[in-house]
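Asks: Fit chains Y, H and L to the given chain Z structure using the hints.
Note that the protein sequences, when read in sequence, are chains Z, Y, H and L.
In this text, residue positions in the first sequence follow the working numbering: the first is 1, and each later residue adds one.
In this text, residue positions in the second sequence follow the working numbering: the first is 1, and each later residue adds one.
In this text, residue positions in the third sequence follow the working numbering: the first is 1, and each later residue adds one.
In this text, residue positions in the fourth sequence follow the working numbering: the first is 1, and each later residue adds one.
Errors might be hidden in some of the hints.
What the simulated footprint calls covered on chain Y by chain Z, stretch by stretch (three residues with Cβ under 8 Å from a Cβ of chain Z suffice, anywhere in the stretch; the number is not a length) [claimed, not checked]:
#1 6-14
#2 23-29
#3 102-110
No lab work stands behind these hints: they were computed from the structure.
The C-beta atom is built at its ideal place from N, Cα and C for all residues, glycine as well.
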Amino acid sequence: MIRVQAEDFDIGAEFARLTADNRNIGGLASFVGLVRDMAPSRTGNAPIGAMTLEHYPGMTEKKLAEIEAEANRRWPLEASLIIHRYGRLEPGDRIVLVATASAHRQAALESCQFLIDWLKTKAPFWKLEETPSGGQWVDARDSDDAAAKRWAAES
Amino acid sequence: MIRVQAEDFDIGAEFARLTADNRNIGGLASFVGLVRDMAPSRTGNAPIGAMTLEHYPGMTEKKLAEIEAEANRRWPLEASLIIHRYGRLEPGDRIVLVATASAHRQAALESCQFLIDWLKTKAPFWKLEETPSGGQWVDARDSDDAAAKRWAAES
Amino acid sequence: MKILYFAWLKGKIGTAEEEVQPPASVTTVAALLDWLEARGAGYAAALANREVVRVAVNQEYAGPDHRVAQGDEIALFPPVTGG
Amino acid sequence: MKILYFAWLKGKIGTAEEEVQPPASVTTVAALLDWLEARGAGYAAALANREVVRVAVNQEYAGPDHRVAQGDEIALFPPVTGG
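For reference, chain Z alone in the conformation it holds in the complex:
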């Protein structure tokens, strides 16, 4: 399941829903992305007051659904969930939740890593950070591209 929303999410409730009535789940892997109060900038680390996540409504849902389907093709998953927020978020706020459940732990852990690597490089979101010197769009990182490419060879 995928959700793109402004509201926060309740991790305990999401996990409970994801695993409810499925007794073949042996492992549930998850990743939660949070807003930090510092970010690397061209001149070292800069304090961040807040950030605004812009996205491309329509394409976002399409790409998240595609990659969730791809994860389910590559690994024998019992359940999967991607929630990605947009709008203004403050340090400590949750940005994204990726959760994957499988009979076996390795499938859950690998597919969780796959999903987060992928959505870092393909999901159409952009972060605008509020810094002391004004709003600054976050640059994409080469290391994110490299992380996503690891998975391409297997496709």
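Replies: Okay, now just chains Y, H and L, sitting in the frame of chain Z:
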């Protein structure tokens, strides 16, 4: 932090505690192990009514604390948590929670995988499954040893 | 053809969305970007470095040779930074 | 010396814990296992296949050559299956 307990745990509350007041956490990776209602047996898959987790009080806490310290040496973690239950558990029950938080997602994801791989092979727990043919001690799996050995080369 | 702009491309061009009618000779993503770039200083600034401009045609990533046609929804944006 | 047994070793030997006084010649894990194996049918059954017996001395994993001494806490158990 490590905890060895008979009681269940509340994942949402644990995550909230783990990330509270730390605005340098950018990623929180976690793994939850659950009891399945089927298990591989010598004659194919067998239904499991419940399982009892025995452990070695004292050594368990010692080994979990050691491996948590090792993860904190290998990765720049902001927070980490291992909760492992013992006693009688039924299908769908949570067995174990591993959670790691870091400024960057890769450190969180890798250290989470490291901890779960490690505790599968080194933490002194044993599973007794209740099957239609009686109680059966779960055999250790070679694949778990192989998973743990991946990390040895880096130590 | 509908064009959407996101993140700093939206800021430089000064609009989030517009309807355009490029000439019939504009049949690829690359030709469309060339045509847009000539529309004014904001467009020129936004499209000066094509390396950091990503394009989606009808909500799918598209390279410079991808065909564009009337009725398409085209989006221009920088490399994504979600997650 | 205190010996603890876990999982199926406990079942085969019939006790979870006992105090033993091996002779002074028993100075290593391997010698201790040999001595225990000779104590009865349950011990012999439990220790027949040393490949599946793990040993901890004072709560640390120990190989066959590890020293054992009076006052040690020794634990015998099968390969672990937690997580």
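Asks: Hint by hint, note whether the structure agrees.
Replies: Cross-check of the supplied hints:
1. Coverage of the segment 6-14 of chain Y by chain Z holds. Counting CB-CB distances below 8 Å, 4 residues qualify, and the rule asks for three or more.
2. Remark: the segment 23-29 of chain Y is confirmed as covered by chain Z, as 7 of its residues place a Cβ nearer than 8 Å to a Cβ of that chain, reaching the required three.
3. Residues of the segment 102-110 of chain Y lying with their CB closer than 8 Å to a CB of chain Z number 5, which satisfies the three-residue condition for coverage.
The structure is consistent with each of the numbered hints, conforming to all of them.
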